[in-house]
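Peer 1: Chain residues, written in single-letter form:
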Amino acid sequence: MTSAVTITRHGGTGGRTAVAARARQVVKAYGSGETRVVALDHVDVDIARGQFTAIMGPSGSGKSTLMHCLAGLDTVTSGQIYLDDTEITGLKDKKLTQLRRDRIGFIFQAFNLLPTLNALENITLPMDIAGRKPDKAWLGRVIDTVGLSDRLKHRPTQLSGGQQQRVAVARALAARPEIIFGDEPTGNLDSRAGAEVLGFLRQSVDELGQTIVIVTHDPVAASYADRVLYLADGRIVDEMYKPTAEAVLDRMKDFDARGRTS
Amino acid sequence: MTVLKTSMRNFFAHKGRMALSAVAVLLSVAFVCGTLVFTDTMNTTFDKLFATTASDVTVSPKEAKSDDTPQNGKPESLPASLLEQVKQAEGVKAAEGVVGSSAVTVVNSENKNMGSNNGAPTIAGNWTKNDLRSMEITSGHAPRGPTELMVDADTADKHDLKLGDELRTISVAGDFTAKIVGVATFKVTNPGASIVFFDTATAQRELLGSAGRFTQFNVTAAAGVSDTQLKQNVAQALDGTFKLQTAKENADENRKDVGEFMNVIKYAMLGFAGIAFLVGIFLIINTFSMLVAQRTREIGLMRAIGSSRKQVNRSVLVEATLLGIVGSILGVGAGVGIAIGLMKLMSAAGMNLSTDDLTIKATTPVAGVLLGVVVTVLAAYLPARRAGKVSPMAALRDAGTPADGRAGLVRGLIGLVLTGAGGFALYAAGTADKATDGSLMLGAGVVLTLIGFVVIGPLLAGGVVRVISAVLLRGFGPVGRMAERNALRNPRRTGATGAALMIGLALVACLSVVGSSMVASATSELDKSVGADFIVQGNQRIVPQAEKAMEQSPGLAHVTSYKELEATLTSPDGKTDDSGVTAADPSYAEDLRRVTTAGTLTAAYGKDAMSVGSDYAKAHGVKVGDTVNVAFKGGETAKLKVAAITSDDSALDQGARYISIETMRKYVPAGQIPPNTIMFAKAKEGQTEQAYAALKKSLDNYPQYQVRDQTDYKQELKDQIGQLLNMVYGLLALAIIVAVLGVVNTLALSVVERTREIGLMRAIGLSRRQLRRMIRMESVVIALFGALLGLGLGMGWGATAQKLLALEGLNVLEIPWATIIGVFIGSAFVGLFAALIPAFRAGRMNVLNAIATE
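Going down the list, the sequences are from chains A and B.
The opening residue of the first sequence carries number 1341 in my numbering; numbering runs sequentially from there.
The opening residue of the second sequence carries number 4 in my numbering; numbering runs sequentially from there.
Calculated from the structure, these hints are not laboratory results.
No experiment lies behind these values; they were computed from the predicted model shown.
The beta carbon of each residue, even a glycine, is placed where N, CA and C say it ideally should be.
Be aware that a few hints might be false.
Said to hold, decoys possible - Not everything, but these chain B residues come out facing chain A in the computed CB check (under 8 angstroms): (1) 190; (2) 767; (3) 769; (4) 851; (5) 852.
Unchecked claim - These stretches of chain A come out as covered by chain B in the derived footprint (C-beta under 8 angstroms, 3 or more residues): (6) 1430-1437; (7) 1565-1577.
What the hints assert, rightly or not - Quick list of simulated restraints, FRET-style, between CB atoms: (8) B:729 <-> A:1455: 41 to 49 angstroms; (9) A:1429 <-> B:729: 53 to 61 angstroms; (10) B:8 <-> A:1372: 34 to 42 angstroms; (11) A:1532 <-> B:423: 52 to 60 angstroms.
With the hints as constraints, model all of the structure from the sequences given.
Peer 2: Here it is, written out as structure tokens:
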């Protein structure tokens, strides 16, 4: 049932493991009895540190649910999820909130920014909420990387869609989270703006050593990743390292064809 | 039809969002209906009472008034011989003489007043056949002989009176003690009068001071004779003119007196309901504005697929109508509840009202629903118009709440012009020379500044919210900053929400300024001009036996009588004035130090002399040395020399004309001399405390009069004004409650509107506590904004009113800072309270659902 997943146990005591997050036998089910729908079916997965992972799959495959569970936004029905060495399944809302605030970054498909705050304020918001001072040098580097230096005082409504997503990326990067989750981060952008954002994500992995997980159904987006996980019917059915857009597309077609014939 | 269907569906789909608006409508309508039902019920109660107490025809002296006792404290009366004439008239089945007086006080053996403390009268009289129509003797028997009396059951219950207990009746005719031999119970509801009955001879002797006289004849018609016919017959049979009334006329006259009083209550309460409605309008406007804003895409879609502006517009108005109907119908029901509650409250306060008499006129629910619906639809009109203006393109645009763009220039200008005009009117009112012009200006100023502030509110919101936030939210970091930004993001909404609170609090501030200025002015006036150590006063004039008791009290340097006399003055210019004169002992000049502009008061208390007020002197060109003709009521006409002119720049005794008691005695026969209205006394040097205690003791027998020294008098004054203010605050509470609902409403709808934002913030690490705090702080800022505007405006109104009333002696402006600051701080708590539920609900939102919400 869990195919093609490398179960690597790094660890030992203390220090950072090479695995940023892992899921063990995670089940997520909605409803009960006859109406029971299983979104995740005993999923095991390791997210490697310092890598760019893309989760793909058709609609309803459970890819967003997996990401939400990994990110501590959603609860699991059974199984465990670890962020680094911390088990986050079973944590109370207060701890989860702290965890999201201090150790995780988010980029959503749309509506990433608070309309009342300007770009800079949006970027530093998680740290402000935590009452931490942003690391000035790091912040400057992040802002330079996403190329927003001249737009910092703008309100979200004064920015284009691409710029807004770049602010969202900057926000996710600025707090130096252990892991950034993106839920279709380029879903609302045209291909050029999308390419820009994905470029930044790639760059932050390569240059800043950031761990990133995105959910996408766009083969081009997936091609920016180091590794692609394929989900179908709540299970991980395949994976691909160093993907290209064409290879991803072929694999997708493959799944589609199988899906239709089965 | 589709329009109606969409409206219905929208209405029910968003019933949660409409709930608070419905409650606002409900409260206001309930208050209106409650007032109507309550006053109608009171009227019914009195109607029933009067209908059973009035005989077919009554004959009374022509001067008799149903609600007043003549100045000498004895009721007008008729000789018994007339009764025989009445009996001779055609169509008379029976006629009997009645003795009745309301100028009495009844006390028990412990000198406790048996009368009600809510203004209902104590009535003493003879027990007649006519009384049997409205009452029955439920224990003991009717009074017989000079030592027996009967009391009504309500009074007996209230004061735990039993047969055999002794009661003392105090009237100008003297004190008189009798034993209770019977208790009579009303068959209809008696709203509160305390009643004692004697036999006829005793009543005549003890209440009128003379045998063989009656205050009224009750005439009963023979079978087949109408009341009107009987009245004519009796009139013909009598020599001289009398006041004849049929049962209906009698009841009508009584009802008119009560009705006028009830109308004052009714319109005052309706006024407060009106304020609540006004506040509710803001709430409804906000609700519909937000619903329309949230539904922009939906409306755009409707427009895109072919709905006309009118249809969209109408669909919103239909929703408003539904809201109005639901709120009003519930309100009518609640109104009946309020009326019953008020009746219970009155009963607890000693006024008997029975729910059997509950009167719900057909017009009451109709008026309630109509009012509720009309107000709701009017309030929804602007948002509906805005909905009609939504372009079909809105359907295609991304969601998000449209920013509220051009609140700017036009609004600012209109607001400034209105506020400016209002400010000018207030200035004019403050500097007016005549009270009538000034009060008109004050009214205009209040209305204009209020509207001006409401219009300009959204613009002020920007600045004021920033200032409040800078002071208050600085310490709360990003959460405070976001709360501030949220309060600022839709100034129109914040403005309207704050304005609702502003109205109630402005009135509170204004009244508290006027109230405390009244206390301060009176206190300063008392300090300045009152020389008397003790003041004795009651609701009724001071009977001679109490006056004597006071004069005999030890330790007093002097005791001053003060009598108000009805008289007509004719000044040298030939003009007449019938506002009477005051007869007092010369020591009164010490008790109340009046400033004279000419002559001396000592001279005015001389033989055949008098003083007049400066306004009168000016109006009629009267100078010291002139002669004024004074025609005393029931006495002779005197030519009195003006020996002093008192300055009318005074709050006490303004315009009074003084003569001495001596002078009065010369022209008014002993039987017509009125009892003292008020009395003053001064203690002998160094004996103030003993004299005060002794004086209180001396007047123990007469609990209807209060003995106060200056300190107690001031306290009493303060308490009375405080009580009045508390009552008004209580009624304003309704408007403030509606305004608080408005804050809750705005926050609750804002939370719904900002679901995705809240989800985002929660996702990136805002804790529940921080989120709730953010909403609470937004609420506090909005509440304080309303409070600041309201209190500022109200203090302005109050100060202007004081300047205007300075013409009437309200010389001292006192701002009750404790109250003002208390209200301001209280508003912050109101803000916290209003945010409780919205914050709780926001905290409970599921993060994922919130993000996913479109």
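Peer 1: Take the hints in turn and mark each one as holding or not.
Peer 2: Status of the hints after comparison with the structure:
no. : hint                                 : verdict
1   : 190                                  : 69 angstroms, violated
2   : 767                                  : 5 angstroms, holds
3   : 769                                  : 5 angstroms, holds
4   : 851                                  : 5 angstroms, holds
5   : 852                                  : 10 angstroms, violated
6   : 1430-1437                            : holds (count 3)
7   : 1565-1577                            : violated (count 0)
8   : B:729 <-> A:1455: 41 to 49 angstroms : 46 angstroms, holds
9   : A:1429 <-> B:729: 53 to 61 angstroms : 59 angstroms, holds
10  : B:8 <-> A:1372: 34 to 42 angstroms   : 36 angstroms, holds
11  : A:1532 <-> B:423: 52 to 60 angstroms : 55 angstroms, holds
In summary, the numbered hints that this structure violates are 1, 5 and 7.
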